[in-house]
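Q: Residue numbers (the working numbering): 847 to 959.
Keep in mind that a hint or two might mislead.
Ranges of calculated distance between the beta carbons of each label pair, as one might list FRET restraints [as the list claims (entries may be wrong)]:
1) D946 / H872: 32 to 38 Å
2) E874 / L934: 34 to 40 Å
3) R931 / L902: 27 to 33 Å
4) S891 / R931: 29 to 35 Å
5) M879 / P914: 34 to 40 Å
6) M879 / K927: 40 to 46 Å
7) D886 / A938: 27 to 33 Å
8) G947 / E905: 34 to 40 Å
Listed below are the simulated EDC-like cross-link pairs for lysine to aspartate or glutamate, each with C-alpha atoms no more than 20 Å apart in a straight line [to be verified]:
9) K901 / E955
10) K954 / E893
11) K935 / D946
12) K901 / E874
13) K901 / E942
14) K901 / D883
15) K935 / E945
16) K954 / E942
17) K954 / E918
18) K954 / E905
19) K954 / D883
Hint data in this document are derived by calculation from the structure and do not stem from the laboratory.
Beta carbons are placed, not taken as given, at the ideal position from N, Cα and C, and that holds for glycine.
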Amino acid sequence: MSFCRCGAEKGTRKVVREENRIAVDHIEIAFRMLSRDRGDILITSPETGAAILRKLSLENSGIRMLEPPLTEIRLYTFLRKKHARLALKIAASIREMREDGTYQQIVKELAEF
């Protein structure tokens, strides 16, 4: 991606090379820059992207999410040693939430904030 300016939140070093990255503290800044032609592409999650487009009223700005994703990032929960006994309960709760649709509903609601 040496041909373009890429807006990305700080911490995305492994996805975007330094010479192309425009690091921002808040993803909203990157969306504003993109809408004002101060960047060419932006890297974020689909949920965050959709929520920020709505929040900034940029749904009709021409900014579009491209498929397939450049990369997929796996996120994990980490517990302190003193909370280790909770790990199985948390895993079971998350599994149950995924099965009954609660998990996806929460993700959807967070994307609409």
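Q: Do D886 and A938 keep their Cβ atoms within the hinted range of 27 to 33 Å?
A: The hint (27 to 33 Å, Cβ to Cβ) is violated, given that D886 and A938 are roughly 44 Å apart.
Q: Need the status of pair K954, E942: alpha-carbon distance at most 20 Å?
A: Holds - the C-alpha atoms of E942 and K954 are around 17 Å apart, at most 20 Å.
Q: Need the status of pair K954, E918: alpha-carbon distance at most 20 Å?
A: holds, 19 Å
Q: Between G947 and E905, does the C-beta distance stay in 34 to 40 Å?
A: violated, 26 Å
Q: Would you mind confirming whether the straight-line C-alpha gap from K901 to D883 stays at or under 20 Å?
A: Holds, at about 19 Å.
Q: Mind checking the alpha carbons of K935 and E945 for me, to see if they're no more than 20 Å apart?
A: OK: K935 and E945 at ~15 Å, within 20 Å.
Q: Does the structure keep K935 and D946 at a Cα separation of 20 Å or less?
A: holds, 16 Å
Q: For K901 and E874, compute the direct alpha-carbon distance and say whether it is at most 20 Å.
A: holds, 9 Å
Q: Could you check the hint for me, namely that S891 and R931 are 29 to 35 Å apart, CB to CB?
A: Between S891 and R931, where Cβ atoms are some 31 Å apart, the hint holds.
Q: For the range 32 to 38 Å, tell me whether the beta carbons of D946 and H872 fit it or not.
A: Check passed, 34 Å falls within 32 to 38 Å.
Q: Falls inside 34 to 40 Å, the C-beta gap from E874 to L934?
A: holds, 38 Å
Q: Cβ-Cβ distance between M879 and P914: within 34 to 40 Å?
A: Taking Cβ atoms as reference, M879 and P914 lie about 24 Å apart, which means the hint is violated.
Violated hints, listed in ascending order, are 3, 5, 7, 8, 13, 19; each of the other numbered hints is respected by the structure.
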